[in-house]
Amino acid sequence: MLLIPCPWCGPRDETEFRYGGEAHLARPAAAQELSDAQWAEYLFMRNSPKGLFAERWNHAAGCRRWFNAIRHTLTHRILAVYPPGEPRPESEA
Amino acid sequence: MKFSIFALASNAVSGHDRWPTYWRTPQPRPAYDVVIVGGGGHGLATAYYLAKEHGITRVAVLERGWLGGGNTGRNTTICRSNYLWDESAALYEHSLKLFEGLSRELNLNVMLSQRGVLNLAHSLHDVREGQRRVFANRLNGIDAQWLDTEQVGRFCPILDVSTRARYPVLGATLQRRAGVARHDAVAWGFARAADARGVDIIQNCEVTGFDIREGRVRGVRTTCGDIRAGKVGIVAAGHNSVLCALAGLRLPLQSHPLQALVSEPIKPVLDTVVMSSAVHVYVSQSDKGELVIGAGIDAYNSYAQRGSFQVIEQQMAALVELFPVFSRLRMLRTWGGIVDVSPDASPIIGPMPVQGLFLNGGWGTGGFKATPGAGHVFAWTIAHDEPHPLAAPFGLERFTSGALIDEHGAAAVAH
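Residue numbers (the numbering used here), protein chains in the order written: chain A, 127 to 219; chain B, 210 to 624.
Isolated chain B (complex conformation) (with noise of 0.2 Å):
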């Protein structure tokens, strides 16, 4: 069913009883062209866009869980485009603009809300990096901006850029494009639309592990029995490393807590989103007037998917010293997801060793923002066996080449 305004009239008449749901729920069928492992939005991407672009459609997505409720589900919704390095900002730039036609293609309102996106600066190192990431943004073709201390102050009036602060606001970069857009949408947009072109969507379904014999993979051992399948991508996010593990392989992954937070809804207050990397924190309001804020990942490696409460104490105090008029506002739940960090902040989309075997990983902290992308990128991955052209420089053999993509300061998450 196509969601229109004559759709939303004839089930209102029928009284919302008869509104499909958005995918089947299929039995695993005995072999398929591609598997892919892991159903968050990166993985309903890419099985999306092999069916839509490549025409390939004997694909299963197998998720351990439920649909989008690892990392899809719990990140701060940022998407944003403003990288250094002329291959990241190639391959966010990429992603924001599908993301910015991608309601349209989805027939699924996504929520973009391109409200601009500020990554202030608290020092003179951070003045000049911030400049010169402006620049080399507008090399890109991206849009930025630098706003100094007078011009954040009007940007975001709530946000204390005296010179009171014990790191004062010296300016910002502004990214307008930029934005947030509503999480769980992406995941069922994209899941919806890989349904409607034929793919297998499995829930519940954990990989075990990989029939690999003569180098090359078969198939995939799953709690759902044996599924033969001509080409695997993972696309596990946290536990991308465990996975390849089984296949015999060892990443440049290490899996953290990343953890969130929200506070109770209040009235609209902010309507941009603001990151410090500097104090450590950013934050955004959400529609149903929460705030959502989120700060670095836990440094111990783990798989709780929760982490240590000073890491929350810390982004609360960061966001106390932006941000006094916060300073009473109760916080209503928090949570933490796994994500797989590399040694350059930067992912790894790509061949692996076995043949037939792909991996999207290592997208460790920022990987919402990259969803339709990075989706996109891999199914063309996937479906030529040679990396696409924006994800070639994301290649593992970047690690024994040396040609790292460093985006540490961009990445606006310490780790």
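Next up, chain A with everything else stripped away, as it sits in the complex (with noise of 0.2 Å):
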């Protein structure tokens, strides 16, 4: 089981958590003026790395809050939490 921190309450069990994927996925802000590729790429194409990836996990059974986490996908060592809004750190490597 994934020990997780989370950036309000600190090391938590995976159970308490809710996983949402891929983060940093903006919904494009002229939504209608998109092509059916464009909503493809924002709908279903995904990176999915091996190696450090940004994600996005949810508090569900604790503060509820949302937050993103870098991990790496083969280790499964998380690297670095931040909140959501926030740019991805650039310190990882």
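Have a look at the derived ranges for each label pair, beta carbon to beta carbon: (1) A:Trp192 with B:Lys306: 43 to 49 Å; (2) B:Trp544 with A:Glu212: 33 to 39 Å; (3) B:Arg422 with A:Leu205: 33 to 39 Å; (4) A:Trp165 with B:Pro598: 24 to 30 Å; (5) A:Gly188 with B:Ser332: 26 to 32 Å.
Just so you know, the hints here were simulated from the structure itself, not pulled from any lab data. The structure presented is a predicted model; accordingly, all values stated were derived computationally and were not measured. Positions of the beta carbon are idealized from the N, C-alpha and C atoms, including for glycine.
Since each chain sits alone in its own frame, please combine them into the complex, following the hints.
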């Protein structure tokens, strides 16, 4: 089980969290002007890297707040957590 | 060598030390007509049907690890075709029919055991969806039956169908032609038959990039050197996104761990396959006597081939809920595979935006059952440069057109 450091509550068991998938997916501003291909890109196309991944978590059985994490998808190590809306931290390597 | 009673007898006389190896271990040639990336069941089946049905024998199957060491060797070996929509029903039924003749076709016993698959219903909604699927299956010429609670109890006596259960069994769909097969034998059988037709199977050879010029794939870069290729088929299951990223493509896929486990071996006690999407577990008994148990994916993206323990704990709870008789059974080992999950729980088969590049992926949690069928239609697709009629609805373009094939209900694995 993952030990996930919630930015507001500290480290908690994975079972307290809901996974939210890839982070930093912004809904296009001019939604009514998008082509079908642009919609497909926003709705369905995803990065699924083997390595560092910026992803969303929700502390569903805790503070119920969303946050982002940088996690390695092979080692499962969590390198950073940060509030939604903040840019992806640069320091990771 | 053709396996037969005579081959068995003559090798018994000579002490069983003259059996030939199943396939050669060739060095890669500089160029092939088709390079298949991924030596699991699907990739090997593709190579076999390319050679057999389309006469394309300058084919290499490149495998990063060992043959069938990915999801082919990590699944719960269930074969069935009781999917809801016409497109899926046709594809999975095509595969099940090929499975039914596969041992003879490959001259290797894949141990297909059509012991029936039950999909349990635990709520009014489950009942309605199950019955709807039975009707849909029948309209598509696929055998399907609806069993009420009493019939389920008779069909699988050790299942708790009493009203005492927290989630009582209200009925089940039954596909009698469904069952299990020996997963390794499927990979080995396709590998051996493909090798006999001249396909080069190259293990321990990882693809590290693609040679793409003027929008067309010209070859692959590997840890064994560069290999030129007329066409390239990617069949890499959990690693499809990683490979396609090397070709500059994004896919609507996310890679997750899917865990399974087996119990200690016990005497025959379960002669069918029982699946429940609601309490969420599926179980069958292997010929060795182990219960083979699986359930849902781990929620997070991962390539680690292992998952979190609470996922196993939950499926054990579901197992004991359904089968109180298993409550003191000990579990022997667990493992995980990496599954590439698509948004509509249906595969992606067809040409990619790069010319000469093809993908057979997105099978997510249910690829094993489709091994021969997917290989068959994918080989056709590669050979003809256009989708096989059964594969056509499963192209990548459905995510643009919106013509999704939503099989979350029939997939039986929550994701």
